[in-house]
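Asker: Given next are the chains, with one letter for each unit.
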Amino acid sequence: MRALVITVMVATMCCPLLASDLKAPATVVAGTDFVIASAESQGGTFYLIGPSLVSKREVQNGSEISVPGDEIKSAGVYTALLCSGAGCVSTDFYVKPSSPARLSLLAHPSRVRVAEPNAISAVALVFDKFRNLVVEPAQVEFQAVAGEAQPISQSRTAANGIAWIRLTSGKKEGPIKVGAIIGPAKELRVVRQVASDACNLRIKPEWAAGKFYVSTDPVRDCSGNAVPDGTVVSFTKTDRSGKTTVDAPVKRGIARVQMPVDGNARIFVASGVVTGNELNVTGKQ
Amino acid sequence: MKLLLLVLAAALIAFYVGYLHADEPAAKIDLNTDTLGPRTIEELTEKSIVRDYGLAWRTLRDALNHNQPGALEGYFTGFAKDDFSRLVQSQLKTGVHVRYSDRNHRLTAIFYSPSGDAMQLRDRATLEMQILDGTKLLSTQQVTRNYLVLMTPGADRWLVRDLQSIPEGRP
Numbered sequence: 011m012r013a014l015v016i017t018v019m020v021a022t023m024c025c026p027l028l029a030s031d032l033k034a035p036a037t038v039v040a041g042t043d044f045v046i047a048s049a050e051s052q053g054g055t056f057y058l059i060g061p062s063l064v065s066k067r068e069v070q071n072g073s074e075i076s077v078p079g080d081e082i083k084s085a086g087v088y089t090a091l092l093c094s095g096a097g098c099v100s101t102d103f104y105v106k107p108s109s110p111a112r113l114s115l116l117a118h119p120s121r122v123r124v125a126e127p128n129a130i131s132a133v134a135l136v137f138d139k140f141r142n143l144v145v146e147p148a149q150v151e152f153q154a155v156a157g158e159a160q161p162i163s164q165s166r167t168a169a170n171g172i173a174w175i176r177l178t179s180g181k182k183e184g185p186i187k188v189g190a191i192i193g194p195a196k197e198l199r200v201v202r203q204v205a206s207d208a209c210n211l212r213i214k215p216e217w218a219a220g221k222f223y224v225s226t227d228p229v230r231d232c233s234g235n236a237v238p239d240g241t242v243v244s245f246t247k248t249d250r251s252g253k254t255t256v257d258a259p260v261k262r263g264i265a266r267v268q269m270p271v272d273g274n275a276r277i278f279v280a281s282g283v284v285t286g287n288e289l290n291v292t293g294k295q
Numbered sequence: 552m553k554l555l556l557l558v559l560a561a562a563l564i565a566f567y568v569g570y571l572h573a574d575e576p577a578a579k580i581d582l583n584t585d586t587l588g589p590r591t592i593e594e595l596t597e598k599s600i601v602r603d604y605g606l607a608w609r610t611l612r613d614a615l616n617h618n619q620p621g622a623l624e625g626y627f628t629g630f631a632k633d634d635f636s637r638l639v640q641s642q643l644k645t646g647v648h649v650r651y652s653d654r655n656h657r658l659t660a661i662f663y664s665p666s667g668d669a670m671q672l673r674d675r676a677t678l679e680m681q682i683l684d685g686t687k688l689l690s691t692q693q694v695t696r697n698y699l700v701l702m703t704p705g706a707d708r709w710l711v712r713d714l715q716s717i718p719e720g721r722p
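Going down the list, the protein sequences come from chains W and L.
Counting in the working numbering, the first sequence runs from 11 upward without gaps.
Counting in the working numbering, the second sequence runs from 552 upward without gaps.
Check each hint, because a few of them may be wrong.
Said to hold, decoys possible - When the alpha-carbon atoms are kept at most 27 Å apart in a straight line, the in silico DSSO-like pairs for lysine-lysine are as follows:
id, chain 1, residue 1, chain 2, residue 2
1, W, K139, W, K214
2, L, K632, W, K196
3, W, K106, L, K644
4, W, K139, L, K687
5, W, K66, L, K687
6, W, K139, L, K632
7, W, K214, W, K187
8, W, K196, W, K221
9, W, K181, W, K196
10, L, K632, W, K66
11, W, K66, L, K598
12, W, K33, L, K687
13, L, K632, W, K106
Just so you know, the hints here were simulated from the structure itself, not pulled from any lab data.
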């Protein structure tokens, strides 16, 4: 009993904070005015401690303290304190985000090969007008528009302010616009679709001014998109003098290389892991 | 003799470093990744998240305790940095300040973007929160706060981009 009395006395002396007499609404929406009620009719100093703001002011009448919406723009847990000569009373309350009004969209990667399954990811973060993450579930509509084609839309429910989607890249190279929409907010990102690996590589022989050249047909991927200039094509020749490999970059859609041929020769072509046709040629004696 | 001097110097440095941080024990941080998706987390990333989140809280504590918004530079970015910078500015303006002492963080990673450029976590933090007006202590509370945390990778560390407290009981 004695210990209990001592504990109560120590607790009373240590803590100037009295039992919570301030009453705030259980939940307040960010940016809206509201009133904190108190049993304290005398004035005092009112403190508001929030996630991004601390305010302090003298109040004449402690029984009804008006808090302007400007002071609670950030969502989160707030502590209100009213201090007078008798000590301080306090309460905690939660300010929830207002309705969705902004989006942040992360689209990845910025360049992608055509016809790659689930190669593009888009993550949308849903914010209110005060940049608070809207944690209540909300429907986000994702859109993908390639060139003049009709947009493709899919809806996802944001959990904890985040919605995401994976997309397969289209078959034609060129930009694809990836967007997310919620209420008045819309964000767009552009992902560039580029040709994939070369496909159906074809080479042909050419004689010009007594020299032997091997050149490819226009190098395209399996969807018919021209591979970018600079893509390396390897030509491998086997003849009496041995085996030689020459790398040549694609220029204006084709790769071309001069190869001296000694007698009968076999020539192969490859680009990355893709191989093409084989040529059997006879060199000029 | 030279070796003895070196050992003594090392011991002195270790003592000094320990002394500097004696009043700021490192908070205990646990990270649970059992329900994380859609991307799986690598072991190294897990370690970085725990380390950098702990350091972010440490810098937040310093920024608020000493009214130094510059302390936020290292581990905060985006909205989180803006919000806490505003908090420090209002502390300077009013003379009121909040002193956090974080004891424990129970982190649950809940979303890791497919491309690895954002991670969302939930933190159940045990904190001591003191509110001071000048040097006058107004309130001391032991609180458990729940936070939604958004972290994004920087050049050599993970940065806190958003840190929003949420009410108790949110799933």
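Asker: Given the hinted pair K33 (chain W) and K687 (chain L), is their Cα-Cα distance within 27 Å?
Answerer: Holds: K33 (chain W) and K687 (chain L) sit about 24 Å apart, inside 27 Å.
Asker: Could you grab the alpha-carbon distance between K196 (chain W) and K221 (chain W) and see if it respects the 27 Å cut-off?
Answerer: violated, 60 Å
Asker: When you check the alpha-carbon spacing of K214 (chain W) and K187 (chain W), does it fall within 27 Å?
Answerer: Distance ~39 Å between K214 (chain W) and K187 (chain W) Cα, so the pair is violated.
Asker: Is K66 (chain W) close enough to K687 (chain L), meaning Cα to Cα at most 27 Å?
Answerer: holds, 14 Å
Asker: Do the alpha carbons of K139 (chain W) and K632 (chain L) lie within 27 Å of each other, as the hint requires?
Answerer: Satisfied, since the Cα-Cα distance of roughly 18 Å is no more than 27 Å.
Asker: CA of K139 (chain W) to CA of K214 (chain W), is that 27 Å or under?
Answerer: violated, 63 Å
Asker: Could you grab the alpha-carbon distance between K632 (chain L) and K196 (chain W) and see if it respects the 27 Å cut-off?
Answerer: holds, 25 Å
Asker: Tell me if the straight-line CA distance from K106 (chain W) to K644 (chain L) falls inside 27 Å.
Answerer: holds, 26 Å
Asker: Can the restraint linking K632 (chain L) and K106 (chain W) be considered satisfied, given a maximum Cα separation of 27 Å?
Answerer: holds, 20 Å
Asker: Just to be careful, I want the Cα atoms of K66 (chain W) and K598 (chain L) compared with a cutoff of 27 Å; is the pair within it?
Answerer: Given that 27 Å is the threshold and the Cα spacing comes to 40 Å, the pair is violated.
Asker: Tell me if the straight-line CA distance from K632 (chain L) to K66 (chain W) falls inside 27 Å.
Answerer: holds, 23 Å
Asker: So if I understand the rule, the pair passes when the alpha-carbon distance is 27 Å or less; does K181 (chain W) with K196 (chain W) pass?
Answerer: Answer holds: K181 (chain W) to K196 (chain W) is near 26 Å, not above 27 Å.
The structure fails hints 1, 4, 7, 8, 11 (numbered hints given earlier, in ascending order).
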